[in-house]
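A.B. asks: Put the two chains together into one complex; each comes in its own frame, and the hints tell you how they fit.
Top to bottom, those sequences are chains E and V. Here the first sequence stands for residues 75 to 328, numbered as in our numbering. Here the second sequence stands for residues 138 to 354, numbered as in our numbering.
Since the hints were made in silico from the structure, they are not lab data. Worth double-checking, as some hints may not be accurate.
[Said to hold, decoys possible] With a cut-off of at most 30 angstroms between alpha-carbon atoms, the simulated DSSO-like pairs for lysine-lysine come out as follows:
1. V:K205 to E:K226
2. E:K231 to E:K95
3. E:K231 to V:K205
4. E:K163 to E:K231
5. E:K315 to E:K226
6. E:K95 to E:K78
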Amino acid sequence: MRAKTWFHQWGSPRWFFEKAKPVSTVLGVLSLVFLSLGIIWGLAFAPEDYQQGNSFRIMYVHVPSALLCQSLYLFMGIAGFIGLVWRMKLTDVAISAAIPLGMMLTAVALITGSLWGRPTWGTWWEWDGRTVSTLVLFFLYFGIYALRQAIKDSSTKANATAIIAMVGTLNIPIIKYSVDWWHTLHQPATFTITEKPAMPSEMWLPLLVMVIGFYCFAGHNVISRMRIEILRRESRSAWVKSIATSGEKARYVF
Amino acid sequence: MLVRREFIGISRNPSLVINPLMFLLIAVTIFAITLKPILGDMGRAAGGLIWVLVLLSSLTSLDSLFRKDYDNGTLEQLLLGEVNPFFLVLMKCFTHWCSSGLVMVIVAPVIAMSLGLSQDLYGSLVLCLLVGTPAISLIGLVGAALTVALGRGGALLSLLILPIMFPVVIFGGGSIDSLVMSGEFGGGLIWLFATSMFALGVAPIATLFALRLSIEI
Chain E
75 MRAKTWFHQW GSPRWFFEKA KPVSTVLGVL SLVFLSLGII WGLAFAPEDY
125 QQGNSFRIMY VHVPSALLCQ SLYLFMGIAG FIGLVWRMKL TDVAISAAIP
175 LGMMLTAVAL ITGSLWGRPT WGTWWEWDGR TVSTLVLFFL YFGIYALRQA
225 IKDSSTKANA TAIIAMVGTL NIPIIKYSVD WWHTLHQPAT FTITEKPAMP
275 SEMWLPLLVM VIGFYCFAGH NVISRMRIEI LRRESRSAWV KSIATSGEKA
325 RYVF
Chain V
138 MLVRREFIGI SRNPSLVINP LMFLLIAVTI FAITLKPILG DMGRAAGGLI
188 WVLVLLSSLT SLDSLFRKDY DNGTLEQLLL GEVNPFFLVL MKCFTHWCSS
238 GLVMVIVAPV IAMSLGLSQD LYGSLVLCLL VGTPAISLIG LVGAALTVAL
288 GRGGALLSLL ILPIMFPVVI FGGGSIDSLV MSGEFGGGLI WLFATSMFAL
338 GVAPIATLFA LRLSIEI
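The following block holds chain V by itself, in its conformation from the complex (with noise of 0.2 angstroms):
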């Protein structure tokens, strides 16, 4: 019910999905020219570059995610209603993760081609991005609910959010760039995973605090 509700809202209001897809096309297009000459070479810069760009569009989307709710009340309702809370953060995570992750787990050949990773690797790359891209909504949902209550999340959730995130981008860059180098994850991918697992542990937790917090209730 509460999920159906989300995507309803979602597809009225398409710009939570286009935006930051928009944002990601954009900066992929700068770094393509800005760093033209580096790319190439079966694309090792890729790797990284495509997980900087998925974690910063990913924040894009962040702020606004329980902006709406917070400001026409219905946040409180729906943490003093009958569902329980848990399962609201957890169902606000996934929808996040199907409105940014999912869709850039989508695009992200199209960016790995513009940016020249070689073609081999695309199906290794989604892999990576499916495995890794839930860890960023979850601890970007922790900033999210700590910064709701303050009106200008923007800047500060980013402060807040980013030192957190170093793992994912570290282990998601750097088995991208094992697996150019190599062919191999190099272990990367095992401990994305566990990272993501991890960030399932505490996150949820962490932001219901904090929602209630910022609720003051």
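With the rest of the complex left out, here is chain E (with noise of 0.2 angstroms):
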């Protein structure tokens, strides 16, 4: 009976909202502190790369952005999952709160990359497996950006995106794994950063504090601006309206 309750909770736009408030909080701080640890961390106080000097740093960044940016997507087609299934509003809040923020990630990880590729690779754009994933995931992105520009009415909108993002979640690993085969078919003659001897701790560590830096504001992100998102789909009911005119309007969104 409990857990159907708790279950039912998710159901509330309204429960979320309020609820979400200090997550969102802890997270954002949470968030901050990481983050300047590890760029402090890892662009002044890790040791130099003994082949690639200081050009390695923007891996700090690269790295953390490549993972959330898959991650995000899986939490999309995860999300279209449970609103199909369960029929919840509170899904396609997330999505749209999730897609900004993911295509961005993208085309970080794929400008840093760029970046990085050019002292190590000695090119702008090397067709290698993973910068392939990558761009087919930034498409798969646009996809669904493009297919929600498109639709103007709400409840077929968030159907719509729940299907394609999660047929495009199914794909993903499908994706990978022909990219990969396609590159041990053409075997160039580059040598990956990947596959370099293991990192020294003192590298990896502020790449982890970062990871979870990066993670800590993604949820940060993601949830502010679902409830930014709640209160702009919700702004006919009562609550909504009493938030709006109680003139504590700020305490309660941020």
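C.D. replies: This is how it looks when you write it as structure tokens:
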């Protein structure tokens, strides 16, 4: 019985709006702490790489964003599944909050990868397996974004997004595998950073801190956007109106 | 019964088959002219090109797949009718494949010849296309169902569907390339088959959801 109540609470935007506020705040503070710690540690104190010099330090932004953009797509796929099966309004709010962040992080991963590639591989762009998978991921994000732009009715939009996010998520492992397979077929003569001897802990510990920081930031960003989106969607309901007229707007939202 | 209806529809409106086919031939001509210097060499480029062209030509006919039935209300009737809608989707996919994929499999040797693929490989190319084209129709169906109610499906359909089609083109083009280089499929054919089977498992369900959404029941 309690489990059932707990489950149904997720269907209530108001419940989420109220309960998510402290979570969002905590994640925001954590992300500030982890990101500043990781950036300072990674950029100033981690040892120089014996092959790549200082250029490897872009890894502290590149790797977390590359990880996170995939996680966010997976998150959208799962949210889409839940939304289709249990008809929750909240999942579409979550998807709409995750799209801009995911798309931006995919772009960041591609751009930082390209900047990193120049000094290490000698080229801005190499059709390497991971590069292609990430680029395809960007296209997948853009497809969802374009679909959402095209549909006006909000419930149709939610369901259509959910379907395509699920299909895309199921496809990601296949895309990854196919790109790897294609990559081995062509055997390019580049050296890969990922197959280098294992990093010393002074290098990967700041990376770990950065990854945690990025995830906290994503959690904070997605939840904050969700809360604002809820206010927008529920703007006609009494509880939102009471917030808007209570004169305590800022305290409620932020 | 429904299959017959579809085929009668196609036979009365042959442009459904002829237009994508002409698109394919025109595109092949453009490639053959512009890429003349790098074609030849037993046609290393041919495999990839053929797959890309087949994919793009299939897309041209996807947009109209549900359009007419949607506009005149037949789609709604069919989905509400006594025929299992799942079967309906499979049937739609089968007829789309017959009118695009299968036709392209048939003309593939001609295209392969004009792009300079070595003659010994025609059989393998046809086999490869036979295994892979159903995936194109199946995945395309999801996009067509999602965009049918939007009116201006065209470009959006391609944006949605093309990234998901990557594995098909990679495995398809890759296995032809591998054939040209080493005389073996290099695992590509099996993976192409797996992709088609996976699409068969997922796409009809997603299409059905998307169709229900489009007609709002």
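A.B. asks: Could you run down the list of hints and mark each one as holding or not?
C.D. replies: So, going through the hints one by one against the coordinates:
1. A threshold of 30 angstroms between alpha carbons decides the hint, and for K205 of chain V with K226 of chain E the separation of about 22 angstroms falls inside it, so the pair holds.
2. The suggested pairing of K231 of chain E with K95 of chain E holds, with an alpha-carbon distance near 26 angstroms, which does not exceed 30 angstroms.
3. Between K231 of chain E and K205 of chain V the CA atoms are separated by roughly 22 angstroms; this keeps the pair inside 30 angstroms, and the hint holds.
4. Straight-line distance between C-alpha atoms of K163 of chain E and K231 of chain E comes to about 12 angstroms, which keeps the hinted pair within the 30 angstroms bound.
5. A hinted pair counts as satisfied when its Cα atoms are at most 30 angstroms apart, and K315 of chain E with K226 of chain E qualifies at roughly 24 angstroms.
6. Distance check on the hinted pair: K95 of chain E and K78 of chain E sit about 23 angstroms apart at the alpha-carbon level, within 30 angstroms; holds.
Checked against the numbered hints given earlier, the structure satisfies every one of them.
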